[in-house]
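Enquirer: With the hints as a guide, bring both chains together as one complex.
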Amino acid sequence: MVLLSKIKLNSDIPWVEKHRPKSIKEMAIPNAKVKGQKIILDEELRDFIKNFFSEMRLINEENKKINIFNRTHGEKERKEEKQISPEKAAILLEGPPGIGKTSIVYALANDLNMEVVETNASDTRTKAKLEAKLKETVKSRGIMDYIVKSKEKIILIDEIDGIYGVSDRGAVPTILTIIQSTQFPIILCSNEYKQSLQPLYNKIKKYELSSLSNEAILGVVKKVLKKENITTLKASDLELIIEKNNGDLRGVINDLQGIGQGILDENTKELIFKLKRDSTEEIFSLIRDLFQKVTSLRDARDLTNKSDVDYNFLYKWVNENLPTFIRLNKELAKAYDNLSIADEIFGRIRKNQYWSLLPYFYDLFAGGVPLSRKQRFANEGFLRVAFPRYITSGLLSLSANERSLVSKIKGKYEISDIEAMQDFIPFIRILCESSRKDFKNVSDWLELDANEKKILK
Amino acid sequence: MVKDIPIWRVKYLPKKLGQINGREKIKERLKFIIEQRNFPHLLFVGPEAIGKTLIAQLFSKEFLRVHFEPNFKLVYANVPLSNEERAEARSDAYVSTSRIGSLAGRTITTPAFIQVKVKPFVQLKALGNVPYKILVVKNFEALGSNQQGFRRLMEIYGSNCRMILITTKISNIIDPIISRCQIFLIPPIEYDSFRDLIIHITKSENLEIEESIIEILYRITEGRIAQAIDLIQLCSITNKEIDINAIYQGFSKSKNDLVRSLLLMCLKGDFPKARELARKIQSNFKYNSQDFFVLLSKELLKLPLSNFTRTKLMNLIAEADFRAVDGQDTDIQVSTLLSKICYFSEFL
Numbered sequence: 001m002v003l004l005s006k007i008k009l010n011s012d013i014p015w016v017e018k019h020r021p022k023s024i025k026e027m028a029i030p031n032a033k034v035k036g037q038k039i040i041l042d043e044e045l046r047d048f049i050k051n052f053f054s055e056m057r058l059i060n061e062e063n064k065k066i067n068i069f070n071r072t073h074g075e076k077e078r079k080e081e082k083q084i085s086p087e088k089a090a091i092l093l094e095g096p097p098g099i100g101k102t103s104i105v106y107a108l109a110n111d112l113n114m115e116v117v118e119t120n121a122s123d124t125r126t127k128a129k130l131e132a133k134l135k136e137t138v139k140s141r142g143i144m145d146y147i148v149k150s151k152e153k154i155i156l157i158d159e160i161d162g163i164y165g166v167s168d169r170g171a172v173p174t175i176l177t178i179i180q181s182t183q184f185p186i187i188l189c190s191n192e193y194k195q196s197l198q199p200l201y202n203k204i205k206k207y208e209l210s211s212l213s214n215e216a217i218l219g220v221v222k223k224v225l226k227k228e229n230i231t232t233l234k235a236s237d238l239e240l241i242i243e244k245n246n247g248d249l250r251g252v253i254n255d256l257q258g259i260g261q262g263i264l265d266e267n268t269k270e271l272i273f274k275l276k277r278d279s280t281e282e283i284f285s286l287i288r289d290l291f292q293k294v295t296s297l298r299d300a301r302d303l304t305n306k307s308d309v310d311y312n313f314l315y316k317w318v319n320e321n322l323p324t325f326i327r328l329n330k331e332l333a334k335a336y337d338n339l340s341i342a343d344e345i346f347g348r349i350r351k352n353q354y355w356s357l358l359p360y361f362y363d364l365f366a367g368g369v370p371l372s373r374k375q376r377f378a379n380e381g382f383l384r385v386a387f388p389r390y391i392t393s394g395l396l397s398l399s400a401n402e403r404s405l406v407s408k409i410k411g412k413y414e415i416s417d418i419e420a421m422q423d424f425i426p427f428i429r430i431l432c433e434s435s436r437k438d439f440k441n442v443s444d445w446l447e448l449d450a451n452e453k454k455i456l457k
Numbered sequence: 001m002v003k004d005i006p007i008w009r010v011k012y013l014p015k016k017l018g019q020i021n022g023r024e025k026i027k028e029r030l031k032f033i034i035e036q037r038n039f040p041h042l043l044f045v046g047p048e049a050i051g052k053t054l055i056a057q058l059f060s061k062e063f064l065r066v067h068f069e070p071n072f073k074l075v076y077a078n079v080p081l082s083n084e085e086r087a088e089a090r091s092d093a094y095v096s097t098s099r100i101g102s103l104a105g106r107t108i109t110t111p112a113f114i115q116v117k118v119k120p121f122v123q124l125k126a127l128g129n130v131p132y133k134i135l136v137v138k139n140f141e142a143l144g145s146n147q148q149g150f151r152r153l154m155e156i157y158g159s160n161c162r163m164i165l166i167t168t169k170i171s172n173i174i175d176p177i178i179s180r181c182q183i184f185l186i187p188p189i190e191y192d193s194f195r196d197l198i199i200h201i202t203k204s205e206n207l208e209i210e211e212s213i214i215e216i217l218y219r220i221t222e223g224r225i226a227q228a229i230d231l232i233q234l235c236s237i238t239n240k241e242i243d244i245n246a247i248y249q250g251f252s253k254s255k256n257d258l259v260r261s262l263l264l265m266c267l268k269g270d271f272p273k274a275r276e277l278a279r280k281i282q283s284n285f286k287y288n289s290q291d292f293f294v295l296l297s298k299e300l301l302k303l304p305l306s307n308f309t310r311t312k313l314m315n316l317i318a319e320a321d322f323r324a325v326d327g328q329d330t331d332i333q334v335s336t337l338l339s340k341i342c343y344f345s346e347f348l
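As given, the protein sequences belong to chains A and B, one line each in that order. The numbering used here applies: residue 1 is where the first sequence begins, and numbers increase by one. The numbering used here applies: residue 1 is where the second sequence begins, and numbers increase by one.
Hints are computed from structural coordinates only; laboratory data are not their basis. Check each hint, because a few of them may be wrong.
[Said to hold, decoys possible] As a list, the in silico BS3-like pairs of lysine-lysine whose alpha-carbon atoms are at most 25 Å apart:
1. K119(B) - K410(A)
2. K453(A) - K280(B)
3. K316(A) - K374(A)
All values derive from a computational prediction rather than experimental measurement.
If we strip away everything but chain B, and leave its shape as in the complex, we get (with noise of 0.2 Å):
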């Protein structure tokens, strides 16, 4: 007998295009596709952690059929490369051998991500009884500038394979990308989905959980299933029944509130208490400077503050964030950061 998978998020993963909760307009269009058999590259546009890379993956595999394997790649982009594969790209690298210009004896390299995870996979030929290869690039607006090299290598290597491209910030896509795709508007789950998934795990699991319950862990979860599904889990372990002190108790444990308790710990004017914090957060969960500071402004937001307060502090955080990009060491402007919220914490 097949062990059952102890976490439920990936013991329900829809194995199926069909099997995905809701949004049945993007899965009857991608149907379409897969019965055309032909689609131009796509870009995935939604919110974070709704299921977009899912969709795509299981778009994929059902065009792909068979030759799914071979034929697949999935590359994140804002995963930064380890230190062998920087070298590999460092190796690639070559003089220009023109004589006269601004060329003349530069070593020339093409971005490294491009360069090792990218080419290698889309100038292969496509295996099998398949019209092409398709690559999906998560996270792509963390790419930046290196999102030019896409431009020519989505034309050259277009026939061979087909990219999906998947962001949360269609604005940080530069226009010549955006005029090579089609684009896919990803929703959140409905809330009608949405229950009818909850009702069904918690039948499968033999638990038992209210209406009310269901709608109050879609509003704190924003639709994310993944969150949604960990907080169910969490209270099973104590109880049968989902109440709604198990659910707030589970939520409070994520890292979203140790940040909000930062906030507040520098709204108290204990630094260095909280420069304490803010570095047992970044060092456990592996968040580099910016995240961190997109952390803090969304949880800035969530927290009952008045509108001035909120301006200063989101002011403040602007500007930490901003210093950030030129600055070396983050580590300082992070502390600057909190030091002055806890000298602002004193007039209110």
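Extracted from the complex, chain A is given alone in its bound form (with noise of 0.2 Å):
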């Protein structure tokens, strides 16, 4: 009976939980980056925790000596226990998911036999919540870790780009003044750049991960496939696999118990393979299945909701191919009127949160962009789809050589970059376009090297 759960236990386990690694040698150790500087990740992290606990020990010690003669002494002229610095206390591995930050913590501290309290985002993050969970535990150490000698514990805050809205108010605050009355070396992990997390970001050390290389997956994948007993995926296959998952290890695991526990039917295979996010074949068919193939707005949904690609992208791809499918004018004006409503409604979406929008900018876009076509070709033929060419707005995206090339200007004539731009280069150019003579005393006079004189030409 025992054996009968066990098995059934077992089973039923993620992989991606199952094989977790139990030791930094069975690893995939990310590449990290600390400011720009390439470093050995899991030496890192060890030398960081040890001198984390030496650091600790000699402010205990002095704080020891403090709290006895604050004990002696009056309340004039009681002094302030000694905290750690943040730097110290404190790092930040930021990369993308899958690759690995929250297996190393635990990876490292079974290697170093320590225990690990974890909170992540499905944990409601508000200030007294995380009090709750980490303070106590962060603070001191309970009569039981005297008596038993118990195991030293990491803190690791998972997630924290996870820390949202109202729900999580005042988390960050909470989280620095944790950091800073620690007992216990704590790490965060993230997975993007967040803005609300700047006072974090300012305070403690942030490690750079990426993604893994697809020679490290494979390393680790061969042992999950032999431990579980697989035999039968082709090699082309695993490496598709892999490849369609980006560096992301956790993904391919997911990927190949779906496959494996399947005991590899071809129809749950294809499927995987067919998430393959975001390949550029994809969005050449489904923008051809847009326009040729879509006869109703439920037709238009039903290709969306299908296919994979990001919309973000998708309805940009719309505006690039839109005159390539769409020819006559009256249809070109009805189409662009509908997709350029849907542009609007994306904006005010991610300006003030309209979630409830999004099905109207589906439709447009999707839906209402085709079908402003009443009459097709007799003879369409194959049309080449292109890809969306970005013109940068708002922002003024100058290369080096305009950079430099305008910084000379304005050493010389004092005018804003923009004017540089738009009126005075231009100015030059014909100048220079022009006449011989004056492309010379213009280089000499602004003493430009062979990069800028090109911009001129």
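Expert: Right, here's the structure in full:
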């Protein structure tokens, strides 16, 4: 009976948890950088924890003395207790999902015989909740800790970019105070830069982690396959899965479980391969289907629902390729009217979080645009789909050469970057095109190098 | 021997307030201020490219004299901040310490522009024997709602730093700012001074020009001296005598003409080419969509069209500009405008 339940349990655990590395040695360590400098992550983490405890010991001893001093002296003479500097108390690991940020912390704790206290995005992290969960752990060691020499702890605050909105209000300052009064090293994990976390970034060291290489993933995956006794998977399929997941080891293992447990059902396999995210071929065919096959709003919805392409990009593709598929001015104007309203709606959604407007956005750009076309060309044939060419706006984007040219002009003539680009440089260009002598004079005057001269020619 | 500056508009740039062409009344008022050694915050209002900034600069130079360098700063409100500057402003953000109320736990940031470009300058004391520093903010209206940030700045640091705000659109300046400034309406150069200047330049460059051509030049450049000088320099390459054809030829190479041909292309109904050209204009001249719409509407007024057509086109431009305010992708709004004009052209 016991045996049976154990077996059942085993197959229920996601492979990702089942094969979570027990030790650093089993891991594919992600590449990491600090302020652009490459470092070896596991050594760096080990040092961090070691330094933390030695620093903490010193501070605790001093605090003991201060405590005794305070007890024997009057209110006015009391000294403040020392605190560890945030830089030494906590670090931040930042990187894409599935590369092993959480795993490396657990593996390291295992290697060093420590315990991990974790909080992640599934917990609501208001000030009160965070304090309840962490502050007591952080501040003191229980009585039991002195009697039985218990394990040291690492505090892992995972998914801090998930701290969001009203429900987690006050979390960031609380984390800051926790960092200042901690007795244990703290590791924070995050996927991306978030402005609301800026106060944290200012205080602690940030490690930027990058995706795993395909070879590293292959190494780990082979071990997993061996343990699970899967031998039927073709090497080429494995490569495809790894390729598709783009450096996300967790994604690879999840996919393998999907295939492995279904004993390689052809359909599931196909499904997984189909999910190859945002591949350009998929967008190409999607755009073609949108314009050439859609006959009703329902069709358009089905098509966008099925596809996995980010709508953020998709509607830009629609914009770029619209004139290829719709050529009558009447239909073009109607199609563009729909697209421009979709764009306006999207902007409002992003600005004000009016997500209830999203269905209109979909219907207008995916349905409204192709359905503006009544006539089809008799023999349309194969139409070429083009990449969107973005025009950056808002930000002034200058190439390096343009930038240096502008700064040289500004040295001689008081003018703003924008005026220089819109007014002054076009004039110099015309002047230089019309006369060789002037070109030489101008480049002598501004002391231009070869690259900058190219802009003027 | 110092070599001549090859660009005439730089070569003939006035070096003193007295050398500014025309506009005697403004010059008198400013000279009076310099003698008084005291002035309130100033607001310079006037059309584009007629020399407001130059006047502000030369005025500051004569006011601050030898202490000009450390006590003067010119900032452009419409130039976007670079990424480094943005990061700098972000790192100055701090978390509110209040425990109750709407600010609890909020990150407080001051507008990045003020944080990076203005505050460091106005906070430092004036150096040398001058009553205060001078900060010139160009295109002040581009600050939009960030103008609010200036209200307190002008009061708190007013005794240390006087500001000269420069704008083309006084209607976009918020009232509290206007009430804190003395307003200077700066007119375009008068025709007589314009003529004198052009004659001075042509004489020193050994060129010949007729009075009637100067008049035409004044009309097509709308009194913008820099543009007029540019045109003359272009003409001088081929001919010692500036004639009307050369002027128009030079003018046709300017960006205004590109925009004009874009409008005409739309009115012929050629959408793909029009979009191509619109993108080229935007990327070559680094226009953002808003500038681009303004440019279009200006050129539209110059085209020989019926009132009905003109109004309809203006309506379309306005709608596109309006949608672009909220939209995410301005290229879509520009394309929409072009396609609508193309469609409209079929009814003409």
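Enquirer: Hints first: check each against the structure and report whether it holds.
Expert: Hint-by-hint comparison with the structure:
1. Under the criterion of a C-alpha separation no larger than 25 Å, the hint pairing K119(B) with K410(A) is consistent with the structure, at around 23 Å.
2. With a CA separation close to 21 Å, the supplied pair K453(A) and K280(B) stays within the 25 Å bound.
3. For a cut-off of 25 Å, the pair hint linking K316(A) to K374(A) stands: about 22 Å separates their Cα positions.
The structure shown violates none of the earlier numbered hints.
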